[in-house]
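Line order of the protein sequences matches chains A and B.
Using the numbering used here, read the first sequence as starting at 1 and increasing by one per residue.
Using the numbering used here, read the second sequence as starting at 607 and increasing by one per residue.
Some hints here could point you the wrong way.
[Said to hold, decoys possible] Dumping the calculated BS3-like pairs for lysine-lysine here, alpha-carbon to alpha-carbon at most 25 Å:
id : chain 1 : residue 1 : chain 2 : residue 2
1  : A       : 537       : A       : 349
2  : A       : 425       : B       : 681
3  : A       : 537       : B       : 685
4  : A       : 349       : A       : 417
5  : B       : 685       : A       : 425
6  : A       : 417       : A       : 537
Quick caveat, the hints were computed from the structure, so don't treat them as lab data.
The model shown is predicted, which means the values in this text are computed figures rather than measured ones.
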Amino acid sequence: MATTVLDHAETHAHAKTGLWSWITTVDHKRIGILYGATAFLFFLIGGLEALLLRIQLGSPNNTFLSPETYNQLFTMHGTTMIFLAVMPISAMYFNFMIPLQIGARDVAFPRLNAFSYWVFLAGGLFINISFLFHAAPNAGWFGYANLTTKPYSPGPNVDFWVIGLQTLGIASLAAAVNFFVTIINLRGPGMKLMRMPMFVWMSFITQILLLLAFPVITVALIMLMFDRVFHTMFFTVAGGGDPQLWQHLFWVFGHPEVYILILPAFGIVSEILPVFSRKPLFGYAAMVFSGAFIAFLGFGVWAHHMFATGMGPIADSFFAISTMLIAVPTGVKIFNWIGTIWGGSIQLKTPMYFALAFIAMFIMGGLSGVMHASPPADLQQTDTYFVVAHFHYVLFGGSIFALTAGAYYWFPKMFGKMLSEKLGKVHFWLMLIGFNLTFMPMHFVGLNGMPRRVYTYPAGLGFELLNRLETIGAFILAISMLVFVYNLWRSLRNPVPAPADPWNGATLEWSIPSPPQEFNFAEIPTVHSRDPLWETKRARGGPLPEPALASGKDIHMPNPSFWPLVTAIGVITTLTGFLVGFPYVNLVGAAILLTGIFSWAFEPAG
Amino acid sequence: MRLRKIISGPAFRAWFPLVLLLVLAGCSSRDYPQSTLDPKTDFTHMIDHIFMTTVKWAVVVFVLVEGALVFAIFKFRGKPTDPEPVQTHGNTMVEIVWTIIPAVILALIAVPTIRGIFETSEVPTDAIRVEVIGHQWWWEFRYPDQKVVTANELHVPSGKKIALFMTTADVLHSFWMPQLAAKRDVFPRRATTLWFTAPEPGNFTGQCAEFCGIQHGRMGFRVFVDPPEEFDAWVADQQVGSPLVNAGVVGPDSSRPADSAAAQARAAHDSLMAAGNALFLSGGCIGCHAMVGTPMAGQMGVMGPNLSHVGSRTTIVANLLQNTPENVARWLRDPQAVKVGALMKLPRKLTEDEIKTLVAYLEAHK
Chain A
1 MATTVLDHAE THAHAKTGLW SWITTVDHKR IGILYGATAF LFFLIGGLEA LLLRIQLGSP
61 NNTFLSPETY NQLFTMHGTT MIFLAVMPIS AMYFNFMIPL QIGARDVAFP RLNAFSYWVF
121 LAGGLFINIS FLFHAAPNAG WFGYANLTTK PYSPGPNVDF WVIGLQTLGI ASLAAAVNFF
181 VTIINLRGPG MKLMRMPMFV WMSFITQILL LLAFPVITVA LIMLMFDRVF HTMFFTVAGG
241 GDPQLWQHLF WVFGHPEVYI LILPAFGIVS EILPVFSRKP LFGYAAMVFS GAFIAFLGFG
301 VWAHHMFATG MGPIADSFFA ISTMLIAVPT GVKIFNWIGT IWGGSIQLKT PMYFALAFIA
361 MFIMGGLSGV MHASPPADLQ QTDTYFVVAH FHYVLFGGSI FALTAGAYYW FPKMFGKMLS
421 EKLGKVHFWL MLIGFNLTFM PMHFVGLNGM PRRVYTYPAG LGFELLNRLE TIGAFILAIS
481 MLVFVYNLWR SLRNPVPAPA DPWNGATLEW SIPSPPQEFN FAEIPTVHSR DPLWETKRAR
541 GGPLPEPALA SGKDIHMPNP SFWPLVTAIG VITTLTGFLV GFPYVNLVGA AILLTGIFSW
601 AFEPAG
Chain B
607 MRLRKIISGP AFRAWFPLVL LLVLAGCSSR DYPQSTLDPK TDFTHMIDHI FMTTVKWAVV
667 VFVLVEGALV FAIFKFRGKP TDPEPVQTHG NTMVEIVWTI IPAVILALIA VPTIRGIFET
727 SEVPTDAIRV EVIGHQWWWE FRYPDQKVVT ANELHVPSGK KIALFMTTAD VLHSFWMPQL
787 AAKRDVFPRR ATTLWFTAPE PGNFTGQCAE FCGIQHGRMG FRVFVDPPEE FDAWVADQQV
847 GSPLVNAGVV GPDSSRPADS AAAQARAAHD SLMAAGNALF LSGGCIGCHA MVGTPMAGQM
907 GVMGPNLSHV GSRTTIVANL LQNTPENVAR WLRDPQAVKV GALMKLPRKL TEDEIKTLVA
967 YLEAHK
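Let the sequences and hints guide you as you build the complete structure.
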C-alpha cells in the first residue's frame, strides 16, 4: 500500500511538462505564473468592461448600453479590477519573488499555495459566469445594503457577487497565512527582518492587513447571505436591523483593502528605484515604519467613506483627523523615493519609467485624497467623478503603474527572456498619456456636478466635452495594453535570452539563473547586508559570472498533488448550493471538500 | 534643447492636461449649471472656502514635490559606464523635517475642517422645515408647517433659512444640490439633515448621488428659490387638495361664472374633470397616486408622486422630461420605454383617446 502511494507520487514528480504538471504543481514559481496569467486575463476583461462604460458615457443620453447592462458592467469592472486583477497580480509577485528574495526553496505550505490559486480561479470564474445569464452583479462593488437585500434585488445577481467574493476571500486568507509564515520562518541565514528587501517588507505588512481585514468582509457577506437566503434581518430596518451596519463592516474591510492594493506597489517601486539609480533605498527604516504605520492607521479611517451619512460631528472629526494623519507616512514614502534617486546615477530603462511615473501619479492621487479627507468638502465630492478620478490616480496611476514596472523588471527573471525596451517605452508613453486623458478630466467633471455610477447624463450640464476626452483617453489606454500584450507575445515567441542579472540587481533573486530552477538555490545563500548582491559584486570588483545550472539531485522538493484542486472544487460546489437553492448541491460539495481535505492530509508531502 | 527635454518629460505630460482643463473649468459658470464650484448659499460657500484652502496647499505641495522629482530625473540621469554614485542610506535631519512640514500643513487644513464639520451639522431651529423622502426613482417633498406635499420640484423662499429632514421610503439614496447644500445620504426611519439660506432667487438642478438601482442615473430634481411673495402664493395654491389640509377634501366651489362665455368654459372644464377623474379611477392611476377630487386625495405614503398639482410643475419623471402635453402623453403611452425599470407599470394599455383625456385632466391640475 505504502509503496503504491510512493510510486504514484514519484511518477508525477518527474512529469515536469504538460497540463497535468501544471494542475498538480506546488512550485511557488509555477503557481505565481498561474496567478499572473489568470489575473492578466481578468485585467483585460475588466479593461474591456471599462471601455464599454466609456463608450456609453462618451456622449449624453447615449443608448449604447441599457441601464441594466451598464450597472452590471460598472459593478463587475470594480469587482474584477480589485479582486481578480490587482490583488492576484500582486499575488503573482508574492509567490514568485518572496521565496527568492528571502533565500527560500518554496513557501511554507506549498499545497496550501496551490489551493489558494485554485480557489481564486474558481471564484473568478464563478462570478464571471453570471454574464452568461445576463445576471452579473449589479449593485456596485461595495454592495450597499439595503439595495442588496432580497426585496430590492430579487435576482441571482447579488448571490453571484456574495458567493464569488466569499470564495475569493477564502483564497486570499489561505494565501495570507502562507506568506506570513513563509516570511517569518523561511528566511535564509543572515536575513534579519531589517535586512529584508522592501518588497518583502511591504508584502509582509500586506499579509497582516489581509489576515485582519478579510474576516470582516467574510462576516458581512455571511450576514448578507443569511438575509437573502434565510430571511434574517441584519440590514432591514423593519426587522430591527440597520443598513448602515453594512457600510461600517464593508469599509472596515474596504479601507485596509486599499492598502492591500497599494502596499505591494510601494514595495515593487522601492526595489526598482535603487537598482536603476545605483544607490541604496533612502531611509530604509523610515520606509518600513511608515508602511507599518499606514497599515495600522488604515484600520482607523474606514468611516471617511461615510461622511455623507450623518454620523455626527464627533465621529466626522475623528475620522477626518485620522485620515489626514495617514498622509504623513505616505508623504515620507514619497520623499524617500525622491531621496533615493537624488544624487544617483539614473538609468532610464522601462521599469524605471513606470516607477517614476508611479511617483508622479501617486502624488496627485494623494493630494486629491487630502481634499476629501475634509468632511465638509467631501459632502460635495463623495459619490462624484472627483472621487473616481482620485482613486484611479491611486489604484491605476499607483498600483497598476507599479505592477507594470514590476512586470518589466522581473519578466527576465521569471521567464528567462528579455522584453523589448523599445516597445516598453511605446507602451509607457501611450499608457501615461491615455491614463491622464482618461482620468484627469474626471476631477473637473465631478466638481462640476456629475455623480458616479450614472448610466447616462443629460446634455447642457457641461459634461459633454470632458466625457468625450475621457473616452478618447480610454481608447489610448486600450491601445497601450495591446502594445504590452504584443511585447509579451513577441518575447515568449522569439526569445532574447535573459542573463541572471540583467539590471545590476541588489537582491538575491538576481544571483540565480533566469528562469530559476525548481529548487531556486543550489545552495542557500548567507546574507550579510540589505543589498547582498551589490555587496558580493563590490567585493569581487565587477559583475558576477553567469551562475551555472545545478543538478539539484540531492535537494528534496515537495511532491505534486491534485488534492488542492479537488478541495477547491469542493469549496465552490458547496457555496454554489446557496445560489441554486438545492441543498443536495451543498451536500455533494461538502463531500468533495471533505474527500479533498482528508486525502490531502494523508498524502505524503514529500 | 533643455525645453524639448522638459516637454517630453513625464511630469510635463501630466501637467499639460491639468493646465488645459483648469482653463476649461474656468469658463463661465453658465456652462456648468450644476457645478459645486459655483456656490449660491451660505452652506456651500462655507464648503467652498474649506475646499479652496486645501486646493491652495495642494498646488504648493504639487509644484514643489513634482518639481523636485522632475528636477532629479534630469539632473541625476546617468550612463551605465558612469562611476558608482555616493551610497547614501538616509539623513535623519532631512527625514524629520519632511515629516513635520506635511503634518503642519495638515493641521492648517484640519482647523477650518473641524469648524466646518460642526457648522454643517448644526441645523437652525428657526428655519422653514421640509421633509425630503427618497423613492426609487423620484423625490417627495413635504412641508409640515405649510401643509404641502409635492414631488421632484422643491420650492423655497429666498433669504429664509431652510432645513431639510431627509429619509427614504425604500433603498438608500443621497440628496445632492451642488449649488445649494451639497449632499447627504438618506436612510429608512432615520432623518439626516441639510440646511441653507439662498440669498437670491434662482432655478437649480440636483440629482441622486448614491447608487440606488437601475434608474439611479435618472433620479433628478429641481429647486426653485422663489422671491418670498411668490413662494407664499405657490404654497397657497398647493394647499388646495393637499393631503395635509382637511385630508385632501376640497369644499364645493361656490363661485359663479359672471357671463355665459365663462359659464360655457366652466362647463367644458367640468366635463373634462369628470371624464379624467373617471379614467384616473378606472385606468388604475389611483392605485399609486394621491389626487385631489378622488378617494385617494388624502393618502400619504403611496407608491407614486402626489399628482394634485402636477400641472404646475415644469418637469415630469424626476426632471427627465419637460412638462408638456406631448411628453405626458409619451409617458402615459409606455412608461417603460421612457424610463426602463421605473416602478410605474400601467395595469392596462391606454387608448390614444384615453391618453388625450388624461393628459388634459392632469395638465389642468395647476
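Results for each hint:
Among the hinted pairs, residue 537(A) with residue 349(A) is consistent with the structure: their alpha-carbon atoms are about 21 Å apart, no more than 25 Å. A C-alpha spacing of about 21 Å is found between residue 425(A) and residue 681(B), which places the hinted pair at or below 25 Å, so the restraint holds. Taken as a hint, the residue 537(A) and residue 685(B) pair is honoured in the structure, with Cα atoms around 19 Å apart against an allowance of 25 Å. Pair hint residue 349(A) plus residue 417(A) holds up; C-alpha atoms about 16 Å apart against a cutoff of 25 Å.
Only pairs whose Cα atoms come within 25 Å are accepted, and residue 685(B) paired with residue 425(A) is accepted, the gap being roughly 18 Å. Using a Cα cut-off of 25 Å, the hinted pair residue 417(A) and residue 537(A) holds, with the two alpha carbons roughly 23 Å apart.
In terms of the numbered hints stated before, the structure departs from none.
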